[in-house]
Amino acid sequence: MTPEEFNKIGEKHRNKRDEFTHNIRVCTAAACATLKSEEVKKAFEKEVKEQDKKKTCRVSGTGCLGLCASGPLVTVNDGQALYAKVSVGDVKDIVNNIDKKPVKRLEIPADTPFFARQTKIALENCGTTDPESLEDYLALRGYESLYKVLTEKTQVEVIEEMVKSGLRGRGGGGFPVGLKWSTVYKALGDKKYVICNADEGDPGAFMDRSMLESDPHSILEGMAIAGYAVGADQGYVYIRGEYPLAIKRLRAAIRQAERNHFLGKNIFDTPFSFNVELRLGAGAFVCGEETALIASIEGKRGTPRPRPPYPAQYGLWGCPTLINNVETLSNIAPIFRKGAEYYASIGTEKSKGTKVFALAGSIKNTGLIEVPMGITLREIVFDIGGGILGDKKFKAVQTGGPSGGCIPEQFLDMPVDYESLAGVGSIMGSGGMIVMDETSCMIDVAKYFMDFCKSESCGKCVPCRVGTAQMHRLLVLISEGKASMRDFELLEELCDVVKSTSLCGLGMTAPNPVLSTIRYFKDEYIAHIVDKVCPAGVCVMESKEEVVL
Amino acid sequence: MSSSVNIITLTIDEKQVGARENQTILEVARENGVEIPTMCELKGLTPSGGCRMCVVEVAGIPKLLPACMTTVSEGMVVTTNSERLKKLRKNILELFFSERNHICAVCASNGFCELQLMAQKVEMSHVHYPYLYPHCEVDASHNRFVLDHNRCILCTRCVRVCDEIEGSHTLDIKGRGIEAQVITDMDQPWGDSETCTLCGKCVHVCPTGALIERGMAVGEMSKRKQLLPYLTQMREVKT
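If you read the sequences in order, they're chains A and B. Per our numbering, the very first residue in the first sequence carries number 800; after that it's consecutive. Per our numbering, the very first residue in the second sequence carries number 3; after that it's consecutive.
Okay, chain B solo, but in the shape it has when bound (with noise of 0.2 angstroms):
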């Protein structure tokens, strides 16, 4: 690493702590034991900034900056847990309950499932958002993964390590809004993927109960996201 990077104070919740200046506001918080709830960040993949779950507060500015993608400076002001952060981030978590079908009692990730954990994390007792109830497709073509469209948050992880660790880009996303949805390849079903190298990162990485392992009952999916930062410290390593 080079020296020439600045080291800068900023505050965060009140704390006075010190950063390098590239790190972002969610590292250095992580650094200090100040908790940022994410969903669609994870540690070795290019952060996306589209779950909105870690937008904080920044004195002067006015608009709401997501932790996990605005680096730190000098001087700056943080405020990670308000009340109106608190409320808006319930609020935003109950529009993820409320656009697909995620109904844990049948769901293989049940109790190892990120939206769960982080609906106990938010305190969310309820969704007052109606369900959009979308007919949503279960592609069980591949031969050791099932994809569950209904279970998606589309937080775009899975596409993300196909793309940057594995380097295969087998999946990624069609449509727009609403619509939009995982694909793999050209949209075709996964068991018919040239590209697909069968590593099962996407799986491991999936925060849902969306990527599966064939034949997991409820409850049986754990996920491996340790191996994640491992395999991003060999792609250091070799480049």
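Okay, chain A solo, but in the shape it has when bound (with noise of 0.2 angstroms):
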């Protein structure tokens, strides 16, 4: 295929676009999904038929637009008008107006903090594409990257570009990108494989869905080249279950990359070959680990094993494999396309680009948002986030979920990248982000991942298994005013031993929650203990109920 053919169907989609003067598009990703988005679309297709605007106005379904708490939203033009919390009612008023100025009452106006203070990479088609359709995706430059890199460049420069961009992946390691790819590349083997990560299981945490069902196509173009710098021919997509909208976008999205050759044998007419299959999560937090993913693909119980060796080397049926996650995969094509140094420009010294986080819990505007790195929190927190619900107190920041730790109010001016998050116990993780107000109980919240920890530790390794079955053990009587100082320091005791020898990930980290909670809190869990009260009013004190009895 020359340039000039492949250029052609790009501007074959944009002139297309470009023949409506009105973009209405509805966000279709599963939070407005829920809210009934998918009528409010039917309703603006029947108005603008009914007001015969049809020649000018194109409804199209798009992915997320990020304000995921006011949905279901709709935006005209990209950005010329925002509607939030639209109902089929509205839809006349929106229509009727469309040439006009914007629907008051329903608008946001275009530099709300939300929005002004995002940066968007990974996110970039989120919203201004609609994700079923391969030809929106074409007419924003998609596949670009793919041709580029696979007519112009080699496999070391594509890996070169990666280190220059200094993308970290973005799964929770923070390991440079550019490298993971180079140890693949070098390793020796017939057969390599990718593999995206998509077992999104932090609870809280909906960044890789909502790419996923917003923009699948950029996922399947960043593991292409992927493919073609470590020099793989088979890419699977380990996708949770619990994702059905995403799963049914990607399988489509598949389906319609291999009939447009943009996946499948000789891509672009070149000797690099790449197919990609899905393989579907059974409910396992511990098949997000990448040796448990692996076996799990592989068919076998999903449990993860030592490493070294690793996947690189190591992974797929015995084969070098590259595991990386939706976000890293997401940002591969923009950092093709705007080129590695402008990637590199953004964020701080150590860590590079943009961050996807998800914003949940006690905050004003719950979503899904893309921020530089080197953000404060207090930026994320109060002016995107819009601040705590009901105006009350901040109490601690959750990041990195059940692997990461509470962060209190003395570190909100602390920049958010890899080094600073772990400096203070907690991990960056892939992007959950629980804000919590003075309500939250601190011992309440470390009992709530330990549950969740002991539920999904797989069981293999003895620290894990039972180590977390005996700390939330612990954290029950705490939080029931039953425990003793003595429990305090055996709960102590054990995180040293769980996190130091439990033999993978989720062990390792299952202990953060409660040693950041003992870190910043420890007052908290003297209350408890000692005074047998619960500060925040959350924990039912056993004593206290027979009191009352």
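Simulated from the structure, these hints should not be mistaken for lab results. Honestly, I wouldn't trust all of these hints.
Stated by the list, open to error - With a straight-line cut-off of 20 angstroms between C-alpha atoms, the simulated SDA-like cross-links for lysine to any residue are:
1. B/Lys-88 with A/Lys-1099
2. A/Lys-1298 with B/Gln-183
3. B/Lys-65 with A/Lys-1099
4. A/Lys-1099 with B/Ala-107
5. B/Lys-65 with A/Arg-1106
6. B/Lys-65 with A/Gly-973
7. A/Lys-1298 with B/Leu-47
8. A/Lys-1099 with B/Lys-89
9. A/Lys-1298 with B/His-171
10. B/Lys-89 with A/Glu-1291
11. A/Lys-1298 with B/Lys-89
12. B/Lys-88 with A/Met-1307
13. A/Lys-1099 with B/Thr-82
14. A/Lys-1298 with B/Arg-32
15. B/Lys-17 with A/Glu-1291
Build the complex: two chains, separate frames, hints provided.
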């Protein structure tokens, strides 16, 4: 395929889009879909037909627009007007005023900090493309990076570009992507694999789901580029079965890409072939751990094995395997489109680029955001997030899910990057960010996460299997006011045992929520144990109940 | 054996030793008289790395590594018996004891039990974690063997021997975490199993009294683990 031929494809679709003067996009990602955005979309289609504006108005579904708290969301001409909480009854007003001023009562001003403070790279196409349409993706210069990479660059050049971008793995560990690619590239083997880890299991995290639902083609493009760079011809997307919409859209995207020869044999008439298959997870959190994930794809019980050897050397069916998370892969195509220098210019010295966070918990603007690395937590919580729900007092923000920790108020002005978060006892993680106010009890939070780890431990190694069960038991005792300081010491000791001797990342990081709450909220533990009171009023103390009875 | 395997040197507990490149730390340590405690490991079976008793410190690596699955490398400095490791091993062993109902006084394997011996080896005086006392079943449906979940430590030796040596894969694990349990076939009573060949290897590799021969009274069930190296050798000769 010549460059002219390729450019024509994109141009054709761009022209088609430009024929319409108004693009009405209705968010159809999971959060808005649960608020019946499909009905809103249908109402728009009907209204446009009735008002005879079919030639000028295009109604389409789109991916996540970010502000999930105010769904269903609708945009007109990508940002000219953004409407929140649109119901079927509002449709008429919006279509009536489509040539005039936006409808005031529904409109969210474009300069709202929630939108103005974000930098979108991984989420670039989220909200401006119809996730079920390949044409839309092509109109936005989709598959251009893959074309450029396949026709202009050698494998080594691609890896060098990734090193230059400074991108680090977005799954939690923060391993430099360029380095990972080069190790798989250098590994000896006739057959290599690329795996996209879409087994997003952290409670409160929905970044990967939103990305897969909003822009599945960019992930496929990222996988194909990764496949070319490391020398793999087969890719797997390991996606959790709890994401039916993401699975449906990804499946459709793979079919579209195959039919149009963006995947399959001899892509763009080059010698490079790449196929992508889906593998569905069956609900085990531990399968997000790379060696357990590999076992699961192989059809075995999803349990991890000790590393080394790392999957880069000994992965799927013993072959060198590259495993990247959804967000990492969705950054690849934009990096090659905009240049590694551009990407590296964003962020801090050691953490380049942007990071997607899922804001949840006691915060006004819950939703999906993408911010440059180095932004402070205060900006995220109070500017973008709009502050605490009900204007209560901020208490802590939990990052990294069950592997992360709680960050208290004194660190709100700390820049968000891999090192700083690790320094205060939490982790970047995959991007879940749960905000807690003064009505949250930290023992209750620690208990919740320990319960999660206990039931999600695979049971292979003893410290994780028994240790998490013991720790959960102790936390229950503390929260019921039945514990002594001896139990508290035992809890601290168990944290050390589980952290240092567990087999995989799940066990090694399982004590983090406990350790970080002990570090910053020790007085709450003491209050539960010595005074038998829960300062936040969450835990029901056994002894008090007796008095009431 | 191919002659292309490189010979390297490393340090185990301040002792310089030589090794073949593809050996594990555990193998090299044993050859050189350094004893590293193990529970799930058994010569002749694929290592699992689950019991975590054999974790060692390797200079330059922040996390502890299982000796049974970590291959040696040139210049590696391994510590197997630091005070910290001794303490952690004791803690792990206490977790083993606290998990299910290990009551030696009424156990057929009393006196022959590896868990019991290990407690003596690591000088465990008591269990300072609370016992979880789970409710566990005893599967006595088989006419030759008994599976007592109360004594099981989920080392998966039985699962591995049944799959790798006998090749029938009757035994496996169901459930996750603290709920995990050894099952036969599709979680049917052992007596109804259609795949079990009655070979009894699982019983003899079991470190505790979880798998015993029917009719054994307290302290009668000694195990014959020496059968395993022989069988593995036979397998290697065949292939």
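**Message:** Does B/Lys-89 sit within 20 angstroms of A/Lys-1099, going by the straight-line distance between their CA atoms?
**Reply:** violated (34 angstroms)
**Asked** Is the Cα-Cα distance between A/Lys-1298 and B/Arg-32 20 angstroms or less?
**Response** Roughly 27 angstroms between the alpha carbons, so the hint for A/Lys-1298 and B/Arg-32 is violated.
**Message:** Holds or violated: B/Lys-65 and A/Arg-1106, Cα atoms, limit 20 angstroms.
**Reply:** With a Cα-Cα distance of about 11 angstroms, the restraint between B/Lys-65 and A/Arg-1106 holds, given a limit of 20 angstroms.
**Prompt:** Between B/Lys-17 and A/Glu-1291, is the straight-line Cα distance small enough, at 20 angstroms or below?
**Reply:** violated (35 angstroms)
**Asked** Keeping to a limit of 20 angstroms between CA atoms, is the pair of A/Lys-1298 and B/His-171 held or broken?
**Response** violated (33 angstroms)
**Asked** Regarding the pair B/Lys-88 and A/Met-1307, is the alpha-carbon distance no greater than 20 angstroms?
**Response** Status holds; Cα separation ~19 angstroms.
**Message:** Just to be careful, I want the Cα atoms of B/Lys-88 and A/Lys-1099 compared with a cutoff of 20 angstroms; is the pair within it?
**Reply:** The given pair, whose Cα atoms are some 34 angstroms apart, is violated under the 20 angstroms limit.
**Asked** Quick one, are A/Lys-1298 and B/Leu-47 close enough, alpha carbons at most 20 angstroms?
**Response** Cα-Cα ~28 angstroms, so violated.
**Asked** Are the Cα atoms of B/Lys-65 and A/Lys-1099 separated by 20 angstroms or less?
**Response** violated (27 angstroms)
**Distance restraint between A/Lys-1298 and B/Gln-183, which requires alpha-carbon spacing of 20 angstroms or less** = violated (24 angstroms)
**Asked** Are the Cα positions of A/Lys-1099 and B/Thr-82 separated by 20 angstroms at most?
**Response** Between A/Lys-1099 and B/Thr-82 the Cα gap is close to 32 angstroms, so the pair fails against 20 angstroms, i.e. violated.
**Message:** With the threshold set at 20 angstroms, check whether the alpha-carbon distance from B/Lys-65 to A/Gly-973 stays at or below it.
**Reply:** Judged against 20 angstroms, a Cα distance of about 17 angstroms means the pair holds.
Of the numbered hints given earlier, the model fails hints 1, 2, 3, 4, 7, 8, 9, 13, 14 and 15; all others are met.
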